[in-house]
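A.B. asks: Here's the letter readout for the chains.
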Amino acid sequence: MGKIKAIFYDLFKDYRFIIAFIVVLLLTFLAILSIFSPYHPQRMYQVTRGLSPSLQHPLGTNWLGQDVFWQLTFAIKNSLIIAIVAAFFSRIIAVVVGIVSGYKGGTTDRVLTTIGDTTMVLPFLIILIIISMILKDWTKHLSNLGLLLAFFSWAWDARVIRSQVLSLREREFILVSVLSGMSTFKIVRKQLLPHVLPIVFTTFINNMSWAIGMEITLAYLGLGIDPTVPTIGTMLQTAIYRQALFLGLWWWLATPIVTAILLFVALYWLSVSISEYLDPRARFQRIGLRK
Amino acid sequence: MSFVKRYLIPRLIQYILVTFLGLTAVFLFPRFLPVSPIEQQLAQYQTFGVYVSPEQQEEMIQTLKQLYGLEGTLWEQFVVFWKRLFKGDFGPSLSRYPTPVTKVIGMSLPWTIGLLSVTTILSWIIAVLAGGIVGYYRKRWMEAFDIFVMIIRPIPYYVMALILLILLAYVFPIFPLSGGVGIARGLTFSWQTILSILKHAILPAFTLLIVGISWQFQSMKLIVQSVRTEDHVWYSRTAGVDDRKVVFNHVIRNAMLPMITQLGLQFGSIFSGTLITEMVFAYPGVGWILYDAVMKADYNLIMGIMCISVIAVTTSIFLLDLIYPFLDPRVRYR
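Protein sequences, first through last, are from chains A and B. Take the first sequence: its letters are residues 1 to 291, numbered as in our numbering. Take the second sequence: its letters are residues 1 to 334, numbered as in our numbering.
In short, the hints are calculated from the structure, not lab data. Computed from a predicted structure; not experimentally measured. Glycine is no exception: its CB is placed at the ideal position from the N, C-alpha and C atoms. Any given hint might turn out to be false.
Said to hold, decoys possible - With a Cα cut of at most 25 Å, we get these calculated DSS-like pairs of lysine-lysine:
(1) A:K13 to A:K3
(2) B:K139 to A:K13
(3) B:K139 to A:K140
(4) B:K103 to B:K87
(5) B:K87 to B:K65
(6) B:K65 to B:K103
(7) B:K65 to A:K136
(8) B:K65 to B:K245
(9) B:K5 to A:K136
What the hints assert, rightly or not - Incomplete in silico selection of chain A near chain B, CB under 8 Å:
(10) I126
(11) M182
(12) F185
(13) L221
(14) L262
What the hints assert, rightly or not - Over the 12 Å line for every Cβ pair with chain B, so calculated as not near, a few chain A residues:
(15) K5
(16) I32
(17) F36
(18) Q56
(19) V96
(20) T114
(21) D117
(22) M133
(23) H141
(24) L166
(25) E172
(26) Q191
(27) L278
Please build the complete structure, drawing on both the sequences and the hints.
C.D. replies: Rendered as structure tokens:
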């Protein structure tokens, strides 16, 4: 417990971490608030349509007769679900591929690296568009879309993990554990994984923001999630598609855009400040030695 | 001669191999999907409630197979795919029926290339210079750049495009909302047409520039911060070499090299970035065509765009590899 306290104490010296942390907490709070929503997220014409922001409707209502604030709470929750599913599964693939190819080496390594490199060259956006076009009924659901996105984002991180495992493998403590008869699985779990976990953690955050962005892209094209289920992407798409600006309902369009920006910036700042914390050289550059 | 042997030929082989693998993947992956485009098309007709007799349906399947290049075994299809590719033939576009895909793409490609080449090169130059200067001097007021970049960088292209579109075309209507050239203006070579094209290109270009610069600015600054502590920089400074000379000749020139490699990768990511940006601005480039193709389920056109984008990305990386030795003498003389 004391250790976690010390880590947070160090992180809170960075103004970016403080801001990002507060924003993420706030958005998470909104996501949790969706449980108490008085309205059904998909049903239309529940309130008077086109009302501007007031005390009763903090973010106004849209042209479909939905309360924008409560829609937003659902949207954040759903977008976060997609992001967490995508990040979680792609991290699992990245860790397994990275450790296996780094630790095993030889042909296994070459095959896995080639597969990873090929996925990086491919125009993944177009492929993603086609897959979600053909499998429209499947990608409609939140966790399925997350799974699909996970398959497109492990390659680069697997490569980073592999290179780290490659250098760890030559270290003495690994040799000692091999010589003392530790099983390979136990070496991976007890010796390698703790060193790899920090990368996994920071890339998890980056990957989440990537997945949220991809969801918005797909929704913008009218693909991905069922358009009546609110996510940040579908909220944006509906507002654009229904000509929110020309109807004069700027709060309808501004809400998802501002939320998206807050979320992207907060996640980015979190990952930057955490990875700087994990890299002592960068920490020195920031805290001390400044001329 | 040894340069050709040791540098050029391995890269050429790698280029051909990666392009081949990429195109093969483009060929293979729709064929491994559980749903075939033909069944989907037929299902679409059935939802319209059109009665089709079994013979007619069989005929339709055959015609569709021919259109999609799905006849014969997988191997035969593969051979046909390559034969067609070398002839530059992706079949007819399904949404603009008799027009061949190559012609549709050929019409939109100049727009994308024009937009992309200018913004990529310009953003790279600005980012390298700004990153170099800010990273070297580290004055107090320059931190404003840092904060600006920290906010802009995580925002994806399309969100940025939307913000600019709303601010500069709707709230303050300075720029046109969409399109590549004014309505009802033919593509004649006149001063007004060029002006109109430029005016339409400013917002998409600005989106790509702003995001591209902030991405590259940050990595340039990081590289410069490590280069500026190197011995040769320190020596030239103590020897009394002019500060400006140190920055441009010693720091930026060295830090530039990894940035050139990044330019190749950047090209790939900007390529997908322009796709979305074009969709937002309805700019008549490849991205807009792709959006249209997705909306109308124009399978051939999508395949064509995919092949071209694989070739574009690998070729640009290869070309940068070719230019690299001219900029880095260490590679040239090894």
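A.B. asks: Are the hints correct? Go through all of them and say.
C.D. replies: Against the structure, the hints come out as follows:
1. Distance hint between A:K13 and A:K3 is fulfilled; the C-alpha atoms sit about 16 Å from each other, no more than 25 Å.
2. At roughly 22 Å between alpha-carbon atoms, B:K139 and A:K13 fall within 25 Å of each other, so this suggested pair holds.
3. Restraint check for B:K139 and A:K140: the C-alpha separation of about 51 Å exceeds 25 Å, so the hint is violated.
4. Under the criterion of a C-alpha separation no larger than 25 Å, the hint pairing B:K103 with B:K87 is consistent with the structure, at around 13 Å.
5. Of the pairs offered as hints, the one joining B:K87 and B:K65 holds, with about 20 Å between alpha carbons and a cut-off of 25 Å not exceeded.
6. In summary, the hint linking B:K65 to B:K103 is supported, as the alpha carbons are separated by about 22 Å, within the 25 Å threshold.
7. Distance check on the hinted pair: B:K65 and A:K136 sit about 22 Å apart at the alpha-carbon level, within 25 Å; holds.
8. Our distance criterion of 25 Å between C-alpha atoms is broken by B:K65 and B:K245, whose separation comes to about 65 Å.
9. With a CA separation close to 49 Å, the supplied pair B:K5 and A:K136 exceeds the 25 Å bound.
10. The closest approach between the C-beta of A:I126 and any C-beta of chain B is roughly 5 Å, which is under the 8 Å cut-off, so the hint is satisfied.
11. A cut of 8 Å between beta carbons decides the hint on A:M182: the least distance to chain B is about 38 Å, and the hint is violated.
12. Using the Cβ-Cβ criterion of 8 Å, the hint placing A:F185 at the interface with chain B is not satisfied: the shortest such distance is roughly 32 Å.
13. Taken as an interface hint, A:L221 checks out: its beta carbon lies about 6 Å from the nearest beta carbon of chain B, inside 8 Å.
14. Hint status for A:L262 relative to chain B: violated, with the closest Cβ pair at about 10 Å, above 8 Å.
15. Look at A:K5: its CB is around 27 Å from the nearest CB on chain B, clear of 12 Å, so calling it non-interface holds up.
16. With a closest Cβ-Cβ approach of about 24 Å to chain B, A:I32 is found to remain outside the 12 Å limit, as its non-interface label requires.
17. For A:F36, the non-interface assignment is confirmed: its Cβ lies about 29 Å from the closest Cβ of chain B, beyond the 12 Å cut-off.
18. Its beta-carbon lying about 26 Å from the closest one in chain B, A:Q56 satisfies the requirement of being farther than 12 Å from that chain.
19. With a least CB separation of 22 Å from chain B, A:V96 remains clear of the 12 Å interface cut-off, as annotated.
20. With a least CB separation of 8 Å from chain B, A:T114 falls inside the 12 Å interface cut-off, contrary to its annotation.
21. With a cut of 12 Å on Cβ distances, A:D117 falls inside the contact zone with chain B, its closest approach being about 8 Å.
22. Chain B draws A:M133 into its interface by the beta-carbon criterion, the shortest separation being 6 Å against a cut-off of 12 Å.
23. Every C-beta of chain B lies more than 12 Å from that of A:H141, the closest at about 16 Å, which supports listing it as non-interface.
24. Even its closest Cβ contact with chain B, about 21 Å, leaves A:L166 beyond 12 Å, as expected for a residue assigned away from the interface.
25. No Cβ of chain B comes within 12 Å of the Cβ of A:E172; the nearest lies about 29 Å off, and the non-interface call holds.
26. Here A:Q191 stays apart from chain B, with its beta-carbon at least about 31 Å from theirs, past the 12 Å limit.
27. Distance to chain B confirms A:L278 as a non-interface residue, since its nearest Cβ pair spans about 16 Å, more than 12 Å.
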